[in-house]
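Engineer: One-letter residues, chain by chain:
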Amino acid sequence: MIPAKFDYVRPSTVEEAVSALQQGGEDAKVLAGGQSLLPVLRLRLAAPSLVVDLGGLAELRQIGEDGDMIAIGAMAAHHDVMRNELVQRHVALLGQATETVADRQVRHRGTLGGALAHADPAGDLGPVALALDAEFVIAGSGGSRTVPASEFFVDYFTTAIGENEILTQVRFPKYTGWGSHYEKFNRTAQAWSMVAVAAALKIDGGTISEARVGLANMSSTPVRATGVEQALVGQAATADAVRAAAEHATEGTDAPSDADAAADYREHLARVLTGRAVLAAAG
Amino acid sequence: MTTTAEPTARELGRARIRKEDARLITGRTRWTDNITLNGMLHIAMVRSPVAHARITGINVDAAKQLTGVVAVYSGTDLDAEQSAIPCAWPINAEATPPRHVSIAVDTVRFAGEIVAVVVARDAATAKDATELVEVDYDDLPPVLDMEEALGDATVIHPDFGSNKWVTFPFDSVAAGATTGPTADEAIAAAEADPDSIVVKRRWRQQRLIPAFMEPRSVVVDPTGEQLTMWSSTQVPHVLRTMLGVSLGLPEHKLRVIAPDVGGGFGGKLQVTPEEILSTLVARRMAKPVKWTETRSESMLSGHHGRDQIQDVTVAAKRDGTVTALKIELTADMGAYFGLFTPAVPVFGAFIGPAIYKFPSYAFVCTDVFTNKTPTDAYRGAGRPEATFAVERIMEELATELGRDPLELREQNWIKNTEFPFTNAGGLTYDSGNYEAATEKATALFDYAGLRREQEERRRSNDPVQLGIGVSVFTEMCGLAPSRLLGALGAGAGGWEHAAIRMLPTGKVEVVTGSSAHGQGHETAWSQIVADRLGVPFEDVEVLHGDTQVSPKGMDTYGSRSLPVGGTAVVKCADRVIEKATKVAAHLLEAAEGDIEFQAGRFSVKGTDKGVSIQEVVFATFLSHNFPEGIEPSLDSEYTFDPENFSFPHGTHLAAMEVDTETGRVSIRKYVCVDDVGSVVNPLIVEGQVHGGLAQGIAQALFEEANYDEQGTLVNGTFVDYTLPSAADLPSFTTDRTETPATSNPLGVKGVGEAGTIASTPAIVNGVLDAIRHLGVKQVEMPCTAQRVWRAIQDAQGGAK
Amino acid sequence: MAQVRVTVDGVEYADDVEPRMLLVYYLRERLGKTGTVVGCDTSNCGACTVHLNGRSVKSCSVLAVQADGGEVLTIEGLARDGELHPVQKAFNECHALQCGYCTPGMIMAAVDLLGDNPDPDEQEVREGIEGNLCRCTGYQNIVRAVQSAAKAMQPGAERPAEAPAPVAGGN
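Residue numbers (the UniProt record's numbering), protein chains in the order written: chain A, 1 to 283; chain B, 1 to 800; chain C, 1 to 171.
Since the hints were made in silico from the structure, they are not lab data. Do not take every clue at face value.
[Said to hold, decoys possible] Covered by chain B, per the in silico footprint, the following chain C stretches (three or more residues, Cβ under 8 Å):
1. 31-41
2. 86-99
3. 124-134
4. 139-149
[What the hints assert, rightly or not] In silico lysine to aspartate or glutamate, EDC-like type, Cα no more than 16 Å apart, as pairs:
5. B:K64 to B:D77
6. A:K29 to A:E59
7. C:K151 to C:D121
8. A:K5 to B:E131
9. B:K127 to C:E18
10. A:K5 to A:D27
11. B:K669 to C:E122
12. A:K5 to C:D16
13. A:K5 to B:D122
14. A:K5 to C:E18
15. B:K287 to B:E191
16. B:K582 to B:E615
17. A:K202 to A:D133
18. B:K440 to B:E738
19. B:K357 to B:E435
Virtual Cβ for every residue (Gly too), placed ideally from N, Cα, C.
Make a model of the complete structure from these sequences and hints.
Structural biologist: Here it is as structure tokens:
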């Protein structure tokens, strides 16, 4: 199927992009990798008047170290994120979750920033960003601002990015030496997660000293499983301790019921998969 | 005259790599949507978003005003010409099927029904204009549930007066297939007999979508003497005749071409509204037109498959001997009939007794209209449903009796010494050897070892439980003896046609009425002809799928091509040899009776005198000194009508793992040993089995077309229909036994549907076998993780 | 209209296109590269897979204008100098296709996978082509073909005996 007509610009600087969005008004859409947007346009579920393609902004593809953060340009393709050495060394959980995004072709085009800005609650990267306290750098006409992950995800497909703003960079603190695991549960390999759990642990002398756990598709936004994290800290990573902590997985969630799974099944899965993710993260 | 190579020693049974691949792996393909003609216009359909409504108004003005739009038609514009979509097999001789319009006129009866046709210069503009067509609907109550449809629900076709089309009964005693008590009598007797057992179950065959990979596409060129239609269809010949009959067009003024066709699985065994409307528009415009569907359009409006409620009853002695089988079906027709809609469930009637010696058998099918997309043939068409019913109930019987499921089956199946055997459905199975296939399968599977592991996992309360699913099936292929089709009221015969043209240089053109869309006929038919005529495989070209090239045929479906179409090719080749023998006798100056033909050479018995078939062909081309009475042509035709169906069978074993914590099901091991008779090309046969398995497994585990309460298809895209990918399926262990069919000279039985028919019950039996000890009695298809988990929860809750 | 300059199968093209034109329709309708096909509208089936700047992409989920300045390789440009690519040969030899509709995308996906992982195990192949749907083969022979091509592409590998189908038709 063919999208409805739209105008198209491919700015070469962030400033140009922001000003194009401003001029385009309400009906302007940002095109990053296009792997979510283009199917939506093809099905004519959206018909923007203007598409602002960020594909010309080479600087937004950079992945680098910035002090004690790993800074990833919003336009970095999934494939490049998961293969990046800095990511693998310092933000392994992000790499692991990114490897499960859709399929090879989609990972070649799709971008970290695009996926996070799309904010599908079933998306793989939201719970990672949330659990790992990522920061979102957002550019607007007045310059850039930084939003913590805890404030970034607002609702279904809604983030803190304003109407005429562009997500330019996502910054992750380093979790060097942490154990991590992304546990995804879906109907078929290609399907979105019914539930997924992102877990990272710091283990000192056999005891969990810090824990980060995020959940996908358990609410209208990704959810941070703080109850689980608190219950894990100070525990040895034994099956029993982890299972007990995982019982807290549904705290603060508001699991949806849909054709894929009813809420009670999602809640059950969240507990089981949290246990599995944490145990796998503990090695 | 040239020959490129010596004929190969043995063509039949050889794993030839396929000829047709050369174009398919290089992109040199001829899909219908590739076709571009000068002045070609593009069609897009406006489809009803509602399931059941009166159309109170259509405004096409805005659409017509869009630049690039050539015409917009509503139902009233086209109604006088559109006639009706044909139903070739209504089953019910008493009534006229409700008119199946291509474009709705005053009422829509399923979401997806066409309500307006847009014609534009390009496809994008046509699509844009569809969004400008305004249709006013006055909603009627959607009738979605079959049982409600049979109750006091709104009548979908007021002219017909009922949502029940027909009840089709089969009784083995009435049909003369068995003597003694009827199934009802035998079941009643068993219920009263403490030494007998009766097991009754109800299952659902969910609604499925064929999901061929190539979306349907139609190009119609009305210029020239014959109106030419290219269509992504399985049935160019049927389509030509039906177009003629339905639209009142002279058949000789129609040419239908099925170029490369990207899969069908029954889904392209149809005469579609889009084909009719494209024809009407092309005639009005006097210009070529093209319609190509999107995937979501395909899922919504192409016919669906299955969708039955099955009530199955088996009666048996406590020693395991079965005494009666009764299958009661309620089958969802959807809103209208397609080509075979009412016949599909009935097709299972005769094969219901399957491999077993049921002394009495009854089948009854009630065909019901609902406000959903019409159903029709989908891979297996009637036989997967029947096989599921019988293989699931045999499993339930084994469970109730505490017997090993394979052992109970063997106790009741037809022994290899008992063929030919007439089953309680009245079919005569010519051959079979269930013992041999089962022995091979159990050995490959390590049946005993897996049973031990299953015990161990149960004992240790392993969170991942193991189940073994069994399905020992037979089916009927080789559609079909024309006299049987006639007796059942079908509107067509079951023959197939072939022609062979011997070209002057010794090359051969084989024209077949079978219409391949992935089955590899070009390769297999070349092997058959190379074998029969002793010409090199490379020297044979197989022509098909164009009524101008191949004027006669019944096309490809129901695993009929090789047993029927392949046999026609064999018989046709024999006619070529017969004719060539006369010429050879003349050339060799010998009596015709003294000529022998072997491996491409005619020779005089007892001498070293001989000529090659290529020499005979060339001499015939020259025919310089032919005596009177020898026709200067070796070209031949043959139309073959089978005397019987063919009956592939096999034993399928599935080791299923169920993660009891999440409900996740996975296939640990799948072994099948199929007996499809003699094999022309084992590579192709294996490929058909693999693909068949994937579709049968997809029914068991992944796929279902879901409607909401308004009658909207809610998962009509590839995002949510969850077709399995490579990452969702295992590798299968496949093997064969070869018990030749006796009903055709090749000894072949057909293989296209076997894997699909057998695997669904094997998988479901395996899932249940893994968790039955937890108290689970049933999991509906598809056995998703959520369904399995919930079944375990419910069973455990019930136990508390 | 927007301008697109793109090299496809080694030939450079420049065209004015509507911004909404998808790369796959540009290939099929403007360049006549009908070897690449459309199988769905949700970027699931992968039938339209081509390589853009050396990486596999679904050409139904890329705008033609996004390919501006880029290099596209389609199934039609895969064979070189009349010699089939080892993956094409392996698909033929292993009977990895039936109707052939998914095949161009499947082959392009497999070539991309092998460029990344020259010796994948069965699971890696299955996951590597999870973005391509096939309804005919049950995938088993596709997996076999990809692994067989991997072997054939190892340095010093010998070709199997049976000749593959010829590249050009009408031979």
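Engineer: It remains to establish, for every hint, whether it holds in the given structure.
Structural biologist: A quick look at each hint next to the structure:
For a cut-off of 8 Å, the count of residues in the region 31-41 of chain C with a CB near a CB of chain B stands at 9, and the three-residue condition holds. Coverage of a stretch by a chain is defined here by at least three residues with a beta carbon nearer than 8 Å to that chain's beta carbons; for the region 86-99 of chain C and chain B the count is 8, and the condition holds. Residue count for the region 124-134 of chain C with a Cβ under 8 Å from a Cβ of chain B: 9. That meets the three needed, and the coverage hint holds. Remark: the region 139-149 of chain C is confirmed as covered by chain B, as 5 of its residues place a Cβ nearer than 8 Å to a Cβ of that chain, reaching the required three.
Between the alpha carbons of B:K64 and B:D77 the distance comes to roughly 14 Å, so the proposed pair stays at or under 16 Å and holds. A hinted pair counts as satisfied when its Cα atoms are at most 16 Å apart, and A:K29 with A:E59 does not qualify at roughly 20 Å. About 11 Å separates the Cα atoms of C:K151 and C:D121, which keeps this hinted pair within 16 Å; it holds. Under the criterion of a C-alpha separation no larger than 16 Å, the hint pairing A:K5 with B:E131 is consistent with the structure, at around 13 Å.
Note on B:K127 and C:E18: the hinted pairing holds, with a Cα-Cα distance of about 15 Å set against a maximum of 16 Å. Proposed proximity of A:K5 and A:D27 is supported: the alpha carbons are some 12 Å apart, at most 16 Å. Restraint check for B:K669 and C:E122: satisfied, since their Cα atoms lie roughly 15 Å apart, inside the 16 Å limit. Between the alpha carbons of A:K5 and C:D16 the distance comes to roughly 15 Å, so the proposed pair stays at or under 16 Å and holds.
As the CA atoms of A:K5 and B:D122 are separated by approximately 14 Å, the hinted pair is consistent with the 16 Å bound. As the CA atoms of A:K5 and C:E18 are separated by approximately 8 Å, the hinted pair is consistent with the 16 Å bound. A hinted pair counts as satisfied when its Cα atoms are at most 16 Å apart, and B:K287 with B:E191 does not qualify at roughly 69 Å. With a CA separation close to 13 Å, the supplied pair B:K582 and B:E615 stays within the 16 Å bound.
For a cut-off of 16 Å, the pair hint linking A:K202 to A:D133 stands: about 15 Å separates their Cα positions. Between B:K440 and B:E738, the direct Cα distance comes to roughly 12 Å. Compliance with the 16 Å bound is thereby established for this hinted pair. For the suggested pair B:K357 and B:E435, the alpha carbons sit about 15 Å apart, so the restraint of at most 16 Å is met.
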